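Those sequence lines, one after another, are chains A and B. Each residue of the first sequence is one higher than the last, beginning at 0 in numbering that gives the first Met the number 0. Each residue of the second sequence is one higher than the last, beginning at 0 in numbering that gives the first Met the number 0.
No wet-lab data here; the hints were simulated from the structure. One thing to keep in mind: the hints can contain errors.
No distinction is drawn between identical chains; accordingly, a pair holds when it is met within one copy or between any pair of copies.
What the hints assert, rightly or not - Simulated crosslink set (SDA-like; lysine to any residue; CA at most 25 Å straight-line):
#, residue 1, residue 2
1, 172, 222
2, 85, 227
3, 144, 110
4, 140, 179
5, 144, 229
6, 140, 124
7, 228, 77
8, 211, 185
9, 140, 76
10, 122, 79
11, 179, 142
12, 172, 228
13, 85, 214
14, 226, 109
15, 140, 92
16, 228, 181
17, 226, 186
18, 85, 144
Keep in mind that this is a model prediction, so the values were computed, not measured.
Protein chains: 2
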Amino acid sequence: MEEAQGTSRLHLPLSFPPFVASIDGSVLGCVRSVAADSDSGPLVAIATLPGSDSVVQSNDGTISVASAFAGHQEAVQDRDHKFLTKAVEEAYRGVDCGDGGPFGAVVVCNDEVVVSCHNMVLKHTDPTAHAEVTAIREACKKLGKIELSDCEIYASCEPCPMCFGAVHLSRIKRLVYGAKAEAAIAIGFDDFIADALRGTGFYQKANLEIKKADGNGALIAEQVFEKTKEKFQMY
Amino acid sequence: MEEAQGTSRLHLPLSFPPFVASIDGSVLGCVRSVAADSDSGPLVAIATLPGSDSVVQSNDGTISVASAFAGHQEAVQDRDHKFLTKAVEEAYRGVDCGDGGPFGAVVVCNDEVVVSCHNMVLKHTDPTAHAEVTAIREACKKLGKIELSDCEIYASCEPCPMCFGAVHLSRIKRLVYGAKAEAAIAIGFDDFIADALRGTGFYQKANLEIKKADGNGALIAEQVFEKTKEKFQMY
């Protein structure tokens, strides 16, 4: 079987779904099902990546992905950058309002923003009102359901263990975050947040795709802390 | 130095505070400060256990505790049992009301109940409205502050990672729980909750004293699941 034009070399672990598929280190998505194509020999498999039209085909032990259109990866990057930027804007807005720390989160369903929230710890006198928990609560209220398995969440910063737990409990399918936890710790936040690093593997195993922004996305997210640190009361 | 009458052999790790002091496997409290008593030789130390008048003295490498009154341990057990029973009653109440799963939590400050809450996931269409998160939010609202460092929390069941995170963020000083997470998993809850086991060591290091109920306290807490499993909608 020849590779279709415009495909890239895809890396898949040799295990049953769910698993994370990546191209050149960039996570494409969580593969939830693989169908064997018996006409093409025993090494050929077809997998569907949720949220895209990509078809994955194995070919003599190597695997390629035929995207539905050229530049699929770039489109995913652009889309992620757009929603992550919105989460970063929320982080600034939260500090401007005096509502809490510089953290924002956006819940997206079918390319539409469901809710866009920021940290409300000070405003609501509630230590659990982190941006992600607030966004999940608001999205569930708005959509009238307790599970968000058709949604993604974009967070300006790596979630803390409480927020990772909330993302898991809400069954959100995909998390994209901007700044590393260490960027928040560097301006004085509890290093408890970095425990999320330990949790990442666990949550990925639990069917949640997790993507750390890179390049400009990571940069604008990490700048939030330096740019706001004089403007809010640390708690 | 002779041990005072009515004292018990106390086990303390040979490290600097904070650390957890225990007698015969029963956790007494988190020791936050140790003062050396130079008159009594280099091996003697006096430590104060927060929330009690206990004085801890080391004696040639062994350490004894002189309680402020005989039966101190029994009083702590009785007190813990009283508040844990209230948390268990909340778990049943939550199911009776149809508000959510069979989980209850009580926040206590200076021997007084601040709030007594149960799981509100179904009632509020909110996957983050676990009993502990709800209790912390309500206690903060009632006390008008975002940190509960003078409070304890009693939970009918071992907290999930999200709730452990919320307890940590609220700076609650002491957690007493009844049922092991496995008792909830046995009736069908997400085994995500058992990840808390991994977290216990981490949270203890972070100045939170954690006590697992034993005997009758554990029994009544674990019975909650068997007794309610037909009465609520699993989510």
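(message) Within, between, both or neither: how does the pair residue 144, residue 229 come out at a Cα-Cα threshold of 25 Å?
(response) So residue 144 and residue 229 pass the 25 Å test across copies only (22 Å; inside, 39 Å).
(message) When Cα atoms must be at most 25 Å apart, do residue 172 and residue 222 count as within-copy, between-copy, both, or neither?
(response) Classified as neither; 27 Å inside a copy, 34 Å across copies.
(message) Please sort residue 140 with residue 76 into within, between, both or neither, judging by C-alpha distance up to 25 Å.
(response) Result: close neither inside a copy nor across copies, 29 Å intra and 41 Å inter.
(message) Please sort residue 140 with residue 124 into within, between, both or neither, judging by C-alpha distance up to 25 Å.
(response) both (20 Å within a copy, 6 Å between copies)
(message) At most 25 Å between CA atoms: does that hold for residue 85 and residue 227 within a copy, between copies, both, or neither?
(response) within (17 Å within a copy, 44 Å between copies)
(request) With 25 Å as the alpha-carbon cut-off, assign the pair residue 140 and residue 179 to within, between, both or neither. (result) For residue 140 and residue 179, neither the intra-copy (29 Å) nor the inter-copy (31 Å) Cα distance is at most 25 Å.
(request) Go through the copies and call it for residue 211 and residue 185: within, between, both or neither, with a Cα cutoff of 25 Å. (result) within (18 Å within a copy, 35 Å between copies)
(request) Tell me, please, which holds for residue 85 and residue 214 at an alpha-carbon limit of 25 Å: within, between, both or neither? (result) This pair counts as within: shortest intra-copy Cα distance 16 Å, inter-copy 52 Å.
(message) One pair to classify: residue 122 and residue 79, alpha carbons no more than 25 Å apart. Within, between, both, or neither?
(response) Intra 29 Å, inter 33 Å, cutoff 25 Å: neither.
(message) When Cα atoms must be at most 25 Å apart, do residue 228 and residue 181 count as within-copy, between-copy, both, or neither?
(response) Classified as within: same-chain Cα gap 14 Å, cross-chain 42 Å, threshold 25 Å.
(request) Using 25 Å as the alpha carbon limit, work out where residue 140 and residue 92 are close: within a copy, between copies, both or neither. (result) both (22 Å within a copy, 24 Å between copies)
(request) Give the relationship of residue 172 and residue 228 under a CA distance limit of 25 Å: within one copy only, between copies only, both, or neither. (result) neither (32 Å within a copy, 28 Å between copies)
In this structure, the earlier hints numbered 1, 4, 7, 9, 10, 11, 12, 14 are contradicted, and the remaining ones agree with it.
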